[in-house]
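Residue numbers (this note's numbering), protein chains in the order written: chain A, 74 to 463; chain H, 146 to 470.
In case anyone wonders, no lab produced these hints; they're calculated from the structure. All figures in this text were calculated on a predicted structure; none of them were measured in a lab. Even for Gly, the Cβ is constructed at its ideal location relative to N, Cα and C. Please note: incorrect hints may appear among the correct ones.
[Said to hold, decoys possible] Pairs of lysine to aspartate or glutamate, EDC-like flavour, derived with a Cα cap of 16 Å: (1) A/K280 <-> H/D147; (2) H/K465 <-> A/D115; (3) H/K167 <-> A/D115.
[Stated by the list, open to error] Listed below are several chain H residues computed to face chain A (Cβ distance under 8 Å; list not exhaustive): (4) I159; (5) I160; (6) L183; (7) L201; (8) V457; (9) L460; (10) K462.
[To be verified] Computed list of chain A residues with no C-beta within reach of chain H, every gap over 12 Å: (11) Y112; (12) A149; (13) E152; (14) K277; (15) I329; (16) I337.
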Amino acid sequence: MIAYNSKSLDNRDILEQAENAKERAFITPEELEAVKAAYPVDLYTPNPYMRIGIFILTTIIMQFSFGLFCLIMVSAMSEKAFSVLCFFFGIGSYAIAEFMVRDKKHYKSGADAALIWIAGGFILGGVILAANAEGNPWGYCLVTLILSTLFVLRFADVGMSIVAHLSLLALLFSVLAYMGTPGKIVVPFTVMLISLGVYIVSLKLSKIHTYRHYKACLQVLQGVSLITLYLGGNYFVVRELSIEMFNLDLQEGQDIAGGWIFWILTVVLPLLYIYLGIRRKDRILIGIGLLLIAAMVYTIRYYHSVAPLEVAMTVGGLTMIAVAYGLIRYLKVPRNGFTADSAQERNMMEAVQIESLIIAQTMSHTPSPQPDQYNFGGGTGGGGGASGEY
Amino acid sequence: MDQELFERLQKEGIISATSAEKIRTVTAHRLFSVHWELKTILYLGVLLLSGGLGILVYENIDTIGHQVILLAIALACAGCFYYCLKHKLPFSREKVPAPNVLFDYILLLGCLLLITFITYLQVQYNVFGTRYGMATFIPMAILFCAAYYFDHLGVLSMAITNLAAWMGVTVTPLQLLTENDFSSMPLIYSGLLLGIMLVGAAAVSKYKHIKAHFTFTYSNFGVNVFLIATLAGLFTAFDGAIALWSFLLVGAVALFISQAIKHKSFYFALIITLYAYVGLSYVLVQLLIEIDDIGAIYAGLLYFIVSAIAFVILLVKLNKKLKKA
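Bound conformation, chain H alone:
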């Protein structure tokens, strides 16, 4: 903060002497914070350590060393959870702040090591039998418990991606579109179901006040997965039940957008309208392709120019509305 500026504001009588004094004390004792630098180092450390141990275990299968490594993982994992249990603040249905910077990352490391350990047990000894579901179900359940018990958004996100994996869908932010084969109907249906479940979880978190700050994470994954699955359905079923999918898209967009406006979320308003725009453009382009005429190309180009302008105006209006509401 620029102290000179606030001195000036005080002279001009815009801010009171007490406020100016507060700012003076703060700027006089200003500290250089390395908070985010430390967090980044911790995050990368956890990423490298868990990744390295995870590979080490499999590299050394059938040697004596690997049982030592396994033991080390188990001990480290137990150590992490011991630390977390010792330092955690009492459980509450509201947001519980982490007791210190380290806590979040120790918990993350503990969860990652636990999953490595369980996956290894499954692979090597088939502890959970041959039902494949169980091998992903148990880590998922543990992650959800840890996320709620220790109040950790990162672990919750991991739990959600594991839930999705258990249902056969990939939902990590960058792979949502690339890694899923959305031309297969079963996957689209699981996507829809998953989306509904996550949006439902978001609503429950919000209205029942169970960790209400988890709402964004749930609805973010939920809305994205649901709308992408709907669009995929629209694309795949183009020759068939196009009207049905269009109705689903329109209905979902209407519902989500009303929620976004209600909760004043610019982010959701933007992504939902973008999905709607993609859907609309797809249907129109398909219709124009069927016309198969040079006029159709002109019409298509004009459509994109006009619609994009209209969309900008819509966004600006929406922005104003959200700001006012």
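Chain A on its own, in the form it takes in the complex:
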């Protein structure tokens, strides 16, 4: 199923773990060399920066090649010809991706990812052009789902697994929306149910040895499905989407049917995620739970503004610092298998650099007064002085 040589991927994993062990001085450099010799890795995986560079350049090459083809065929250009060209290009770039993987041994080199994304985009574009149909988009969702699932199975591409999950939900959504009122009512619950299903399946699969090469995809799927599970039940999302997509005529302050169910879900789910995450020591559950606390606060504030924004920010900030401070004090000695110390010093330097860039981005603009407040209380000094003419 997977395009890469399974043995190479296993060796790559072994080497990664050995390198990690060497960084932490559990094994000696000589032992690492021995591992390298015993488990050779023939895959071409350049460092992340090269990956980004190769990704961008591959995209440029394909786009301009497409432009060149269009230009050559510009005289014979009908919509049909254009859609054929799209198909041709999509299949072509898929073939190149296969070639890169099989003969050039590319593995997450940037080129393979760029090529399959371009392939997916062009084939989908070709389908849309060929169908040329207005109306319900479920067909396009289905094509996207099939394509992205294929690419996930073949190349274990993490981004494609997100696309696959979202297109599955979009497919359900468009089918249910097509079925009239009963369909529309069950949309939130279906989304939640399917998300829960995807979460449980990907959690189970990620622990099975056979699917080890898809581990990254399955972990991302867990995170994404937890988020969509929450969004399916979030009061804000359900209410605003009902108004937006189903033309529900709601007055300001009017409640949606069964609103209390969604309010309970909005508040309880993030807390449940965090609780389960702590119980099971599951980083994904904890991380997503923390993220969704923000969504919960936003939702509550949107409908029931308890305090003005700046007061809420101040109180929230103080609470967060206090909670973190308390936890750090509490975990000074490891308790129940938790610690506040970082587990790995590896890549610390890079993480700190990124952190400093985030700080520069988000914190260098200290609040300063709005222009209209600038002269508040000061008065304009230049008013008086009548000139001599009077």
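Model the placement of chain H on the given structure of chain A, informed by the hints.
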């Protein structure tokens, strides 16, 4: 770490018994680290608190409450710096690790509150006179001092963005391109000057061993600002001194790339070559536009295909060279 794997490696005789034992002990006592989760909460807390207080002060101008808030800010700020001074490890010209997780964020909060306080004093009472420069210069100076004294990369980045703001350029990562009006020559010149200053600061940090780990932050901002300013110069002055700007770009790229290769930085090698590629493509496209012929369009498309392929090959070669060197 997968213990079974290392057991297997030991059986195969690839790793020694002592190494395997080390890994066994570690995996047996493995702890679940919430380090990054806590750091994220702290970071967001600091962001919200400083932002909230910053707005509160201005919202409540001319009421009694606002002096209470101002006092609260001053006290909190003093408290933060007191904490930092009490817990800090002795100053050194080398990297000084933070004594604990909390320290970095308390310092960050202290710096942010101090800037809010100073800006407020300036706005409300004109403490630093009407010279606008002073209002940004003083926070900048404080941030630089704090960054060096307490050894904090985040504060250093903030100091650099403030330095840039003082010189009239915006250099926060996402706004470097969007918020600067790079069609005005004075701004381009300040950009060039700022870039040179930052690259110079990077060199001084590195070779004089004054906080050598600050080098990356300085050269990252410096190289980006300098090359973007050069490209902007090239774009703006296209009708005029194009040769001059091209020479500047070529010279800068040659200099930076040799440094990147010397220090084995993939990151710098990549961004510098990308800037060079943008410059080259711009000049060529402009020339082709002047030809104004259907052949020129073909040539342009072919240029991008061929050059991008060549560029990939160059990157792969460069990658190999950096790995070997």
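Which of the listed hints are not met by the structure?
-> Checked against the structure, the hints that fail are numbers 3, 10 and 11, while the rest are satisfied.
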